[in-house]
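Student: Protein chains in written order, with this note's numbering: chain A, 1 to 247; chain B, 1001 to 1272.
Careful, some of the hints might be misleading.
Said to hold, decoys possible - Sample of chain B residues with no beta-carbon within 10 Å of chain A, all distances over it, derived:
1. 1010
2. 1021
3. 1027
4. 1035
5. 1049
6. 1080
7. 1097
8. 1110
9. 1126
10. 1127
11. 1130
12. 1136
13. 1233
Stated by the list, open to error - To spell it out: a stretch of chain A is covered by chain B in this simulated footprint if at least three of its residues, at any positions, have a beta carbon under 8 Å from a beta carbon of chain B; those stretches are:
14. 20-28
15. 66-80
16. 91-99
17. 107-113
Think of the hints as simulated: they come from the structure by calculation, not from any bench. These numbers come from a predicted model, not from an experiment. We put the CB at the ideal spot given by N, CA and C, even for glycine.
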Amino acid sequence: MALGGAVTAPPAPAAVLRLSPHVAVAVEGSPWEIEEVEAYAGQWLLFAPAGDSGGVDVASAVARVLATLAAPLQGAVEILGQDPQRLSYAQMQKLRRRLGLVQGWGGLLSNRTLRENVALPALVHGLPGGGEAGAAADRLLAKLGLAPLAEARPYQADRTSAWRARLARALMLDPGWLVLEGIGDWTPGGSAAWSLLEQSVDRGAALAVCLSRPAPAFERWLRGRGGRVVGCRPVAAEVTGEGEVQR
Amino acid sequence: MLRAVDRLGARVLAAGHYAGFLLAFVYLAFKMLWVGRRQGMPEVARQTLLQVYFTGVQGIVPVCGLAVVTGVVAVAYGLGVVQPLAAVEGLGHLLVFLVLWEVGPLLTAGVVIVRSVTAIAAELGVMRVQRELEALEVMGISPILHLVTPRLLGGLAALAALNVVFTALALAAGVATAAWLGPVAPEAVWLAVLSALSPQQVGLLAAKVTIGGMAVLAMACYHGMEVEASPTEVPVAVSRAALRSLVLLVIWHAGVSLGVLASGAAWPWGAR
Chain A
1 MALGGAVTAP PAPAAVLRLS PHVAVAVEGS PWEIEEVEAY AGQWLLFAPA GDSGGVDVAS
61 AVARVLATLA APLQGAVEIL GQDPQRLSYA QMQKLRRRLG LVQGWGGLLS NRTLRENVAL
121 PALVHGLPGG GEAGAAADRL LAKLGLAPLA EARPYQADRT SAWRARLARA LMLDPGWLVL
181 EGIGDWTPGG SAAWSLLEQS VDRGAALAVC LSRPAPAFER WLRGRGGRVV GCRPVAAEVT
241 GEGEVQR
Chain B
1001 MLRAVDRLGA RVLAAGHYAG FLLAFVYLAF KMLWVGRRQG MPEVARQTLL QVYFTGVQGI
1061 VPVCGLAVVT GVVAVAYGLG VVQPLAAVEG LGHLLVFLVL WEVGPLLTAG VVIVRSVTAI
1121 AAELGVMRVQ RELEALEVMG ISPILHLVTP RLLGGLAALA ALNVVFTALA LAAGVATAAW
1181 LGPVAPEAVW LAVLSALSPQ QVGLLAAKVT IGGMAVLAMA CYHGMEVEAS PTEVPVAVSR
1241 AALRSLVLLV IWHAGVSLGV LASGAAWPWG AR
């Protein structure tokens, strides 16, 4: 040990998600503010209305912002150390390869089978550790109990199977930031889908679940895993035509 | 009066904006071939071949039928009206003018509009409503490169091939009709057709077909992707794409033909 040498502190872990104070998103034309939050690798987050959502789809609006598909009305959102608003299209595409969004509905390409849907990100970008995209898709589908439906088209799959296929596709490139818009397959006590999510978080991903009406059982389960609930609340303001918030 | 001028000006400006959007859209589609060259090009090639199949292979039967009818009618008309006046050269010129220069490209593009422009606009519109485009975006996959570029390239290649098929079949049907109906030898009609063709004409024809075809296919993609969230927007997008592309196609073809006639270049009836 070198005595007297400069002692440097270990570098602080980089936040996977950082929301500045007063980040607002447009929910069906009205602004909703999200609590300030920083999330790190291996962390679970639940984004949900702090009170009654009033029947509006808060989950979709928040998930779209967290997945770089929409810009916040105000405030800054940093994902995997980058502000999506300041990225060029090519840089944005690179960032998006490192995140996964499990849409609440739709999203599977209807002219492809479930297997082709799941393999698509790897076919386009390549697998992180190399390997064949189709075989990796088969492995994921088998883990999720979707092997018999591998050659089915999305319209032939029921809602839960379609959600699992979207989950498999989102996990294909082993993302560092995962966003779930709604829950299609929530089984307290565990299911194949949730085991895969837990494994992904254990490997270092941060995971956000966006729900408009979270079930108390899910909140308990999340808190039991050390997860954090991030509240969203409506703001008494108007969204102008330019997408700005006027208080 | 002033209000009418205002309205006309607004329409002209809107048309200019629209043309600008379409041009930018086509530019982006081709730019993505370079920018996204490491983003699954085999997938882009596969989608392009699929589009060639949908537009070209599946559209060949109606194109063949129309080609035969056009060739027969053109020669029957020519034998009745032109041939007594201008001998067999006139028949060759008529075939080149009607079949190759005017009716062929217009009918072929018409078939593509009915079959593919509507299908592309509907498919992309439904994909937007079903959040499939959003899914591609979030995977870092460019919808322009993986959906629009293959449809433009594949559709254009198919349209060019359909034009060649139409022309060949219509000319063959015309020559066969001439041999059957009149005293004209088939070889004489072929020679008349070939002598009425010039490399300049073929170049102009290629430009006419390519630019017109690119415009209608770009309109299909543009209006399909313009759909936002409601399924009721899809039929609106489809009818808008089909109607606008048909109007643009007729204006484009008429404009090119009139421009060529006015300039005297590649005059289809021979030197003036």
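Student: All hints, please: hold or fail.
Tutor: The hints, checked one at a time:
1. 1010: 20 Å, holds
2. 1021: 18 Å, holds
3. 1027: Non-interface label stands for residue 1027 of chain B: nearest chain A Cβ at 14 Å, farther than 10 Å.
4. 1035: It is violated; residue 1035 of chain B is separated from chain A by about 7 Å at its closest Cβ, not greater than 10 Å.
5. 1049: About 14 Å separates residue 1049 of chain B from the closest Cβ of chain A, which puts it past 10 Å; holds.
6. 1080: Check passes; 50 Å lies beyond 10 Å.
7. 1097: 42 Å, holds
8. 1110: Its Cβ never comes within 10 Å of chain A, the nearest being 26 Å, so this holds.
9. 1126: Not fine: 7 Å to the nearest Cβ puts residue 1126 of chain B too close to chain A.
10. 1127: 7 Å, violated
11. 1130: Check fails; 4 Å does not lie beyond 10 Å.
12. 1136: Residue 1136 of chain B not clear of chain A: closest Cβ-Cβ about 8 Å, inside 10 Å.
13. 1233: Non-interface label on residue 1233 of chain B holds, nearest chain A Cβ at 15 Å vs cutoff 10 Å.
14. 20-28: Violated, because only 0 residues of the region 20-28 of chain A bring their Cβ atoms closer than 8 Å to Cβ atoms of chain B.
15. 66-80: Since three or more residues must qualify, the claim that chain B covers the region 66-80 of chain A holds, with 3 doing so at under 8 Å.
16. 91-99: Holds, because 7 residues of the region 91-99 of chain A bring their Cβ atoms closer than 8 Å to Cβ atoms of chain B.
17. 107-113: holds (count 5)
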